[in-house]
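Asks: Spelled out, the chains give:
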Amino acid sequence: MAQKTILRKPRGFIDVYKHKPGAEKDRTHYCPGCGHGILHKLIAEALEDFDIVDKTIVISPVGCSVFAYYYFHTGNLQVPHGRAPAVATSVSRANPDSVVISYQGDGDLAAIGGNNILQAANRGENMVVFFVNNAIYGMTGGQMAPTTLEGQITTTTPYGRNVKTDGYPIQVCEIINQLTAPVYVVRTSLHDMPNIRKTRAAVRKAISNARDKKGFSFVEVLSMCPSGWKMDSVPAQEWIKENMIPRFPLETFRDDSEDTPAIERPVPVMDPDEVKRILEYSALSDSNLEKNPDAAFEKVAVRIAGFGGQGIMSAGIALANVGMEYGYNVSWLPSYGPEMRGGTANCSVKIQSDTVGASECTEPNMVIAMNQPSLEKFEKILVPGGALIYNSTLIDIEPTRTDVEVYPIPITGIADELGNTRVQSMVSVGAFAAVTEMFDPGEIENLMTSLFKGKSDKVMKLNEKAVRKGYEYVKENFS
Amino acid sequence: MNENRKYPFSEIDPDICKGCGLCVASCPKGVLVISDKLNSKGFHFSEYVGEGCIGCGNCFYTCPEPSAVTVYLRNYVPEEVS
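These protein sequence lines map, in sequence, to chains A and B. Just add 292 to wherever you are in the first sequence, counting from 1, and you've got the numbering used here. Just add 1293 to wherever you are in the second sequence, counting from 1, and you've got the numbering used here.
Take the hints with a grain of salt, since some may be wrong.
To be verified - Calculated lysine to any residue pairs in the SDA-like style (CA-CA distance at most 25 Å, straight line):
1. A:Lys312 <-> B:Asp1306
2. A:Lys347 <-> A:Ala315
3. B:Lys1322 <-> A:Thr297
4. B:Lys1299 <-> B:Phe1336
5. B:Lys1322 <-> A:Glu764
6. B:Lys1334 <-> A:Lys490
7. A:Lys522 <-> A:Arg319
8. A:Lys490 <-> B:Lys1299
9. A:Lys533 <-> B:Cys1349
10. A:Lys490 <-> B:Asp1329
11. B:Lys1299 <-> A:Ser382
12. A:Lys522 <-> B:Arg1367
13. A:Lys522 <-> B:Lys1299
14. A:Lys533 <-> B:Asp1306
15. A:Lys753 <-> A:Asp695
16. A:Lys312 <-> B:Pro1371
Calculated directly from the structure, the hints in this document are not laboratory data.
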C-alpha cells in the first residue's frame, strides 16, 4: 500500500449519506464525542486500504449504531435486536467470499443477543464482530447494561449498580476466549491516541482475517458515551481509563491469525439429481406419469385439517409426493400444536404446473375437513367455486357455504370398514384424485412402494384399497 | 485552501464539527483550539491556529465525525486531488 499523503474521509463511507432522512446528509447522527464515529472511521479506512469495500457486508444492530447503514458504502443489513451474529452467519455462509462485519453494542450483544454471539463464535463463523462497550444503554437513555460497572449510576440504577441485586459486569472477551473456535479475541479502547492506534491495528487485523477466511475475530472496543454518562468528551475518555479498564483489561486474549489456515467448509449440495440420489428417491426419476390434460383442476391449493392423529400430515405428504410423480411443482407446509396426537392440525399443499410461491394456502381452492372445528374454521377461507370435502362420519353439521362444491364423504367410516381407521388419510387421497381428476387411482397404487417405503405388503395393500375406496365413493355419489 | 500554506496542516470543516474537543486534547503540539465562534448548528467548532502542525494524524483518528477533519501530510502534492 502506498504511503498516505492525506488523511480524509475514507472511501469506505458513502460520500453523501443519502439514506439518512432529514436535511443533514453530510454528518452522522452520533452525539459529539461518541466513540462510534471513531470506530466507524477506522473500519471504513481499513476497507478502503484493503480495497474490499465492494465485497463487505455490514450488519447493523439495534442501538445507537442501528443506522450504521446510513454511512458504510458496503452491503448493509439492519437486523433485529441481538441477532446480528445469526444473520451474519447466513450471509457469510451464502457468500463465503464476502467480508462480513457484525457491528454491535453491549446491550445488543451481551444482553438480548448473548446466546447468538456465543453460538456464532463457537462455530467459528468467518466474520468480524466489533463489540462497542460503553457500559450503558446509550440509545434508550442511559439504562443499566450487562457491562455497567459495579456502583455505576444509570437511570435504572440510581444508587449505583448493586452486584447483590444486579449481578456483575459481564466480561465478554473473557467468555469468548473460553471457546475453541475463535482466531482473534482482543479488547482495545478509545480513551487516548495510543489506544486509538492500537484499536486501528486490531480493526485491520480482524478485517484482514475475515478477508483471508481465517474465521471468527472478536474486537471489543471500550468507547465513550458522553451523553449517557452525562459528561464532556475528554473527561469521558478519562472515565474509561479510571473506571472501565480495571474491570475490562486491555489485552490480546488470543491471536491465532498467523497459524490459522483459511476455512474450508463442505459445499452444500444444490444439484437436484444429487439430492434425489442422496434421498434414495429413485421412484421420482423412474416415474414417467403423464398429467391429465382434461383434469377438473389445473392447480390445487388445498388445506387439509383435522385432529392430530387423523393422518392430516401424511395425507398432505402423500398428495404432494403423488403430484411430484406427475411432474407438478408441489409444496407441503404443516401447521400443528405441540401435541403429537390430540389437538388440532392442518397442512397446506400446493400442486401446480407453474412455480410455487408462498406455500401457505391462505385462499385455498379446496378444503378437506376431517372434523367439525376444521370445517367451521376453514370453509370460511375457501375461494368461491372451490371444493369442500368433509368427513361426514364425524361431522354432523352442514357447511354454511353455498357458493362452493360440497362433497360429504364418510372418510373415517370407509377406513373403518377396511379394518383400520388409520388409512383415512389415503381415503382422502383417493377422493382428491376423483374430485380433481389430476391423478389416476391405478397409478397411485403403483407408487405405494415409494410412498410407504419400508412398510409391509399388508400395509401397502390396505392403503391401496383405501385410495380405491375414496376414489370410487366420489365417482359413485357425485358424478 | 490557501495555496501558499505549508504542509503538513490540518483542515477542519467548521460546519461539520460538533465541537467535542477530542482533537484539541489529542494534539501533541497544541495547535488546535475551540473557536469562540459558533457554526451553523450552534457548536463552538475546532480550528487549526495556522502553524505548528506536524502531520501526526491524531486529530483525524480521534475525530468521531468522518468528514470533519482532513490532514494534508508532509508529502502531499496538491495535484493529486484532481
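Asks: Which hint numbers doesn't this structure obey?
Replies: 2, 4, 5, 6, 8, 10, 11, 12, 13, 14, 15 and 16
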